[in-house]
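All chains should be modelled from the sequences, with the hints used to inform the complete structure.
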Amino acid sequence: MNFDLSDDQVALRDGIRALLEGKFPMKRVREGFNLDMWEVLASAGVFSLRADGFGWADSAIVYEELGRALIPGPLVWSFGCAVPTGGLLRMDSGPYFVEHLDEIDELHVLGQEGIRSIDAKQISGKANDWPLDPLTPVWRVEELPAGDPFGEADASAELWYGGGVITAAYLVGMADALTTLAVDYAGQRKQFDRPIGSFQAIKHICADMAVRVEVARAATQAAACILDDPGSGNRERSVSGAKLLANEAGIANGRAATQVFGGMGFTWEVDVHLYLKRAWVLDTHFGSIDHLADAVASTHVDLGSSASGNH
Amino acid sequence: MDLRYSAADELFRSELREWLAAELALLPPAPHRDDWLARRSYDTDWQRRLFGAGYAGLSWPKAYGGQEASPGRQLVFLEETTRARAPYVGVNFVGLLHAGPTIIAEGTDAQKSQHLARILRGEEVWCQGFSEPEAGSDLASLRTRAVRDGDHYVVTGQKMWCSFGQVGDYGELLVRTDPDAPKHKGITWLMLPMDLPGIEVRPLRTVSGSSEFAELFLDEVRVPVECRVGEENDGWRVTNVTLSFERGTAFVSELVDAMRLVEDLAPLVRDPGHRRELGHVTAELDGIWALTKRNVTQAERGVTGRGTFMIKLAYSETRQKLGELSMRVLDREALVIGGPGNFVEERLRTLALTIAAGTSQIQRNILGERLLGLPR
Ligand SMILES: Cc1cc2nc3c(=O)[nH]c(=O)nc-3n(C[C@H](O)[C@H](O)[C@H](O)COP(=O)(O)OP(=O)(O)OC[C@H]3O[C@@H](n4cnc5c(N)ncnc54)[C@H](O)[C@@H]3O)c2cc1C
Numbered sequence: 001m002n003f004d005l006s007d008d009q010v011a012l013r014d015g016i017r018a019l020l021e022g023k024f025p026m027k028r029v030r031e032g033f034n035l036d037m038w039e040v041l042a043s044a045g046v047f048s049l050r051a052d053g054f055g056w057a058d059s060a061i062v063y064e065e066l067g068r069a070l071i072p073g074p075l076v077w078s079f080g081c082a083v084p085t086g087g088l089l090r091m092d093s094g095p096y097f098v099e100h101l102d103e104i105d106e107l108h109v110l111g112q113e114g115i116r117s118i119d120a121k122q123i124s125g126k127a128n129d130w131p132l133d134p135l136t137p138v139w140r141v142e143e144l145p146a147g148d149p150f151g152e153a154d155a156s157a158e159l160w161y162g163g164g165v166i167t168a169a170y171l172v173g174m175a176d177a178l179t180t181l182a183v184d185y186a187g188q189r190k191q192f193d194r195p196i197g198s199f200q201a202i203k204h205i206c207a208d209m210a211v212r213v214e215v216a217r218a219a220t221q222a223a224a225c226i227l228d229d230p231g232s233g234n235r236e237r238s239v240s241g242a243k244l245l246a247n248e249a250g251i252a253n254g255r256a257a258t259q260v261f262g263g264m265g266f267t268w269e270v271d272v273h274l275y276l277k278r279a280w281v282l283d284t285h286f287g288s289i290d291h292l293a294d295a296v297a298s299t300h301v302d303l304g305s306s307a308s309g310n311h
Numbered sequence: 001m002d003l004r005y006s007a008a009d010e011l012f013r014s015e016l017r018e019w020l021a022a023e024l025a026l027l028p029p030a031p032h033r034d035d036w037l038a039r040r041s042y043d044t045d046w047q048r049r050l051f052g053a054g055y056a057g058l059s060w061p062k063a064y065g066g067q068e069a070s071p072g073r074q075l076v077f078l079e080e081t082t083r084a085r086a087p088y089v090g091v092n093f094v095g096l097l098h099a100g101p102t103i104i105a106e107g108t109d110a111q112k113s114q115h116l117a118r119i120l121r122g123e124e125v126w127c128q129g130f131s132e133p134e135a136g137s138d139l140a141s142l143r144t145r146a147v148r149d150g151d152h153y154v155v156t157g158q159k160m161w162c163s164f165g166q167v168g169d170y171g172e173l174l175v176r177t178d179p180d181a182p183k184h185k186g187i188t189w190l191m192l193p194m195d196l197p198g199i200e201v202r203p204l205r206t207v208s209g210s211s212e213f214a215e216l217f218l219d220e221v222r223v224p225v226e227c228r229v230g231e232e233n234d235g236w237r238v239t240n241v242t243l244s245f246e247r248g249t250a251f252v253s254e255l256v257d258a259m260r261l262v263e264d265l266a267p268l269v270r271d272p273g274h275r276r277e278l279g280h281v282t283a284e285l286d287g288i289w290a291l292t293k294r295n296v297t298q299a300e301r302g303v304t305g306r307g308t309f310m311i312k313l314a315y316s317e318t319r320q321k322l323g324e325l326s327m328r329v330l331d332r333e334a335l336v337i338g339g340p341g342n343f344v345e346e347r348l349r350t351l352a353l354t355i356a357a358g359t360s361q362i363q364r365n366i367l368g369e370r371l372l373g374l375p376r
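Top line first, the protein sequences correspond to chains A and B. Just so we're aligned, residue 1 is where the first sequence starts under this note's numbering, counting upward by one. Just so we're aligned, residue 1 is where the second sequence starts under this note's numbering, counting upward by one.
A few of these clues could be false.
Residues from chain B shown here face chain A by an in silico Cβ test under 7 Å; the list is partial [unchecked claim]:
no., residue
1, Met-1
2, Leu-196
3, Pro-267
4, Arg-270
5, Arg-275
6, Arg-276
7, Gly-279
8, Gly-287
9, Ala-290
10, Thr-304
11, Gly-307
12, Met-310
13, Ala-314
14, Leu-367
15, Gly-368
Please keep in mind that the hints were generated in silico from the structure rather than gathered at the bench. No residue lacks a Cβ here, since even glycine has one placed at the ideal position from N, Cα and C.
This is the structure in structure tokens:
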């Protein structure tokens, strides 16, 4: 068994981390996603990792770094695409909330039967002037054009599981960044003449943050390994479980960091809210916590039937 | 990065599976939980069988009769034996996982040759006398006093929660040899022969109703000086060596066991809320399992990873959730102990997981201070 980063993967991680720190400090991140940003990432090879021969595990490592840096944009839906691409999960009924409509060329709609691709210029919607996450602008779209078939059911499944894994990785990176923010603040903010991190109530919050990150990261990289080597585990169970833990790590660490920062945590200026809001956004991508918990449960061979009433 | 075990480990697995299938069929029924003599002979008999088949002391060095197996192979062993519902390490726990490794690391040649082989063969059972009524989490505040008298220590005091105290041949005993030194500097680690005069063992009843541990009363017990492991007053360092063995693969059996419990519980789950929670707990256990694999890989590279310090906390907290869920799934069937599936006994037993071997609060202190560098 060899379940840790190889030297090449460590180099990949460090390389992308250095690139992001250099090009996209938080000041730039706060200006939001645009084509320039997409081009830097595309030319670094972020979206073409699979075509360039990297595996899902490598991709998860890269996306964890994107999450740590909180790079905005439709990064997961653009994965494997040549142009900025957004996405939606189903087509059944509107209204639809389409993210980044002004910056994407195409919108991919993922259903069980397959993927459809819609030319973004054909979509008319109303820009929301107050999105939950200021870095994830949202358009309300009443009706979507049918678009064109883009992939069959197996492509759809590949996108669902692959998208789930790299979204999970992104969330792990966010949760890790939040832990660092909270721990640094707890070590330096003083009240009652002591650093607040010396109070157990704060220390224990930080310890739990770190544990969530480590467990979710292991689960996510295990799921990525299973996508790379399908015989080594159950795809449905591992991807759903990993994304569940990552969603939770992102959201719970966002709340935890808000608490550690006290009143500063409630300000626009401190970055914590940007992470927490993104975590809420990403909980709606590729399966929410509740949906995923049900998906994991359904992988138990002998699950009691929920149709029958109570005894 | 991959999750596959090596071909050699898989071969080990299939041989072990075959052996287990044959050997488990020969075992007598497990004894009643309060029949300690029967439990001792059942558990030590299992240890003898493991020894005979070359599966004893997987983590121990070859020089002391162990197998010196890689951490990955130890993982396979624990996975397979737990899955096959082989007997748990039981009364051999302290000897194999605590005292033996401590003697290997710190003991004299005479101590090694006197104890190690006997522990491996299931001939010698150990118990742990660390905690005291006034010294639990704050172990270093222990008061059991040892006064040097020629070539003996004269020991007087009380130990608490001593697992396997009823059947131990030897106890790991922490005593205070220098009451004037700072509390971490006056402690000594002794091997206590449990048959010495002046030792009284009183079983303590647990929430399960059984007597899993005991109180130990020591009244001027004369312990030979050659029973000392490490130097006088250097016992706190030796203790940390002992406790560090709890971090390795110590919780793997527990984890595999919990995953098995989830599978046993699944067919009973009907309520959609319970079902969702079952998925949740499953995801957590799978995540902790993945982290275990990460730790094992790092251990094979000689690295003690961050995750090593997290498994106990994460696992024990998740196991509490699983215990609660199983009670709600059983509903009024949970009113009786001993029903099918052991769910109720397990719920009671696992209440201890967030307390024993460092409470969850102490684990969080350690993580916060040693791993995250937060001030004390
Ligand atoms: C099943 C079982 C088996 C055991 N087997 C053995 C054995 O074989 N040998 C042996 O020596 N001992 C054994 N123990 C004892 C065990 O190590 C202690 O119970 C444990 O260390 C906690 O100590 P305590 O019970 O005195 O609780 P206390 O230390 O009194 O703790 C009570 C509560 O206060 C909290 N607390 C204490 N200090 C702090 C702190 N600094 N910060 C935050 N919270 C704190 C704890 O988390 C806990 O919630 C066993 C215990 C159990 C339950």
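Kindly indicate which numbered hints from before are broken by the structure, ordering the numbers from low to high. Numbers 2, 10 - these are the hints that the structure violates, sorted from lowest upward.
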